[in-house]
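If you read the sequences in order, they're chains A and B. Residues 1 to 115 in the numbering used here are what the first sequence lists, from first letter to last. Residues 116 to 229 in the numbering used here are what the second sequence lists, from first letter to last.
If you're looking for bench data, these hints aren't it; they were derived computationally from the structure. Just so it is clear, CB atoms sit at the ideal spot from N, CA and C, and this is done for glycine as well. Check the hints yourself; a few may be wrong.
According to the in silico footprint, chain B covers these stretches of chain A (three or more CB under 8 Å from chain B) [as the list claims (entries may be wrong)]:
id : segment
1  : 18-24
2  : 46-59
EDC-like cross-link-like pairs, simulated, lysine to aspartate or glutamate; straight-line CA separation at most 16 Å [as the list claims (entries may be wrong)]:
id : chain 1 : residue 1 : chain 2 : residue 2
3  : A       : Lys102    : B       : Asp174
4  : A       : Lys102    : B       : Asp171
5  : A       : Lys78     : A       : Glu66
6  : B       : Lys184    : B       : Asp174
7  : A       : Lys102    : A       : Asp85
8  : A       : Lys69     : A       : Glu16
9  : B       : Lys133    : B       : Glu194
10 : B       : Lys132    : B       : Glu194
11 : A       : Lys102    : B       : Glu145
Below, each chain spelled out in residue letters.
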Amino acid sequence: AQSVTQLDSQVPVFEEAPVELRCNYSSSVSVYLFWYVQYPNQGLQLLLKYLSGSTLVESINGFEAEFNKSQTSFHLRKPSVHISDTAEYFCAVSEAFQGAQKLVFGQGTRLTINP
Amino acid sequence: EAQVTQNPRYLITVTGKKLTVTCSQNMNHEYMSWYRQDPGLGLRQIYYSMNVEVTDKGDVPEGYKVSRKEKRNFPLILESPSPNQTSLYFCASRSTSAGANVLTFGAGSRLTVL
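Same shape as in the complex, but just chain B (with noise of 0.2 Å):
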């Protein structure tokens, strides 16, 4: 099955203590993105890549970091957690090929900083 894999899907964690969010898509799809989701404000993308080894910063990057070493995987990476963090974070991809402009989303991850 096409699908954008999340993990984990729930973590609580502490101000300052280094987290990691996977992402990895099983369709080939060169362009990779995050974004996180907060009431009354609706999605916000923090980084994107076109492909490997290729990413760039969205609307909202500080406190976040990413890498796309292999097309399938694009982890998000919070070095140093802050309660403003707390959201629900989307990683999404789709293909660069004509014709395809669809995003597919992952479940979601909801991450809570004390």
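So here's chain A without its partners, still in its complex pose (with noise of 0.2 Å):
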């Protein structure tokens, strides 16, 4: 079975700071890895994912993730962030096969930016 951790329940920052959200898991067999965002009163949106290959995955909106399987994390970076960036940040991980049945959810990070 996988399971999820995210380090930091609460991350305030301020606008054009850099950021870290740290996620580790656990898994005694190959995953996927995932970050999703869940704007104010909306659903969770795919944020970026790893699946194979590189180890340093990129969204569109300036976010990265490094897949460090030594150390079982998968920490999400912005170099600098935006007021819009304010959102809780999920990391999900399930085993790494297309039937796939489980995605495990971590405990979400809020993150909050101060103007």
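Take the two lone chains and join them into the complex the hints point to.
Structure below.
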């Protein structure tokens, strides 16, 4: 079985500052990794995913995450945040095969951007 | 527009009064799932369905029922709601085709049981 730990429940940062949201996972098999974002009063949207290949994956709005197998981590980073990045961010893991039936989510990290 | 539609978006009910939260997707996805979101606990899977007439329990199925009679619909049924089922519920779907690993979520249904 897989599990995910997001190490920070809340992260306050100033606008234009860098941010890192931490995610560690546990699994006895190969995994797929995801970051989802939830804007206020909305459902979850995929931000980025790692399935295979390059361990550094990027989103269209400037976020990136790096899969580190030795440290079982998939931390999310952005070099300069904007007010519009205020949201809750969820890290998720599934087994690395097409028929995987379960996506396991972390507890979420609430990112607050202060002007 | 490709989407997952949940109804109702908000509901206040009383203990023991049966209710159904509907979920419909227009993407011809085989896989559908229900999650509940609670502060500090993230999202936990209630039930999922791999296809029509195929459903299985997730991590927190107690107190819930589901059915999958049509590919597009996956209703969540609370036969006798209790206050501990007060939560934000999300329905999600995805294809089971090769390379399709991403869930599409509905906007959520906030349920309060008094």
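Here is what the structure says about each hint:
1. 18-24: violated (count 0)
2. 46-59: holds (count 3)
3. Lys102(A) to Asp174(B): Distance ~10 Å between Lys102(A) and Asp174(B) Cα, so the pair holds.
4. Lys102(A) to Asp171(B): holds (11 Å)
5. Lys78(A) to Glu66(A): holds (12 Å)
6. Lys184(B) to Asp174(B): The given pair, whose Cα atoms are some 22 Å apart, is violated under the 16 Å limit.
7. Lys102(A) to Asp85(A): Distance of about 27 Å is beyond 16 Å: violated.
8. Lys69(A) to Glu16(A): Outside the cut-off at roughly 30 Å; violated.
9. Lys133(B) to Glu194(B): This hinted pair holds, its Cα atoms lying about 5 Å apart.
10. Lys132(B) to Glu194(B): Judged against 16 Å, a Cα distance of about 7 Å means the pair holds.
11. Lys102(A) to Glu145(B): Roughly 14 Å between the alpha carbons, so the hint for Lys102(A) and Glu145(B) holds.
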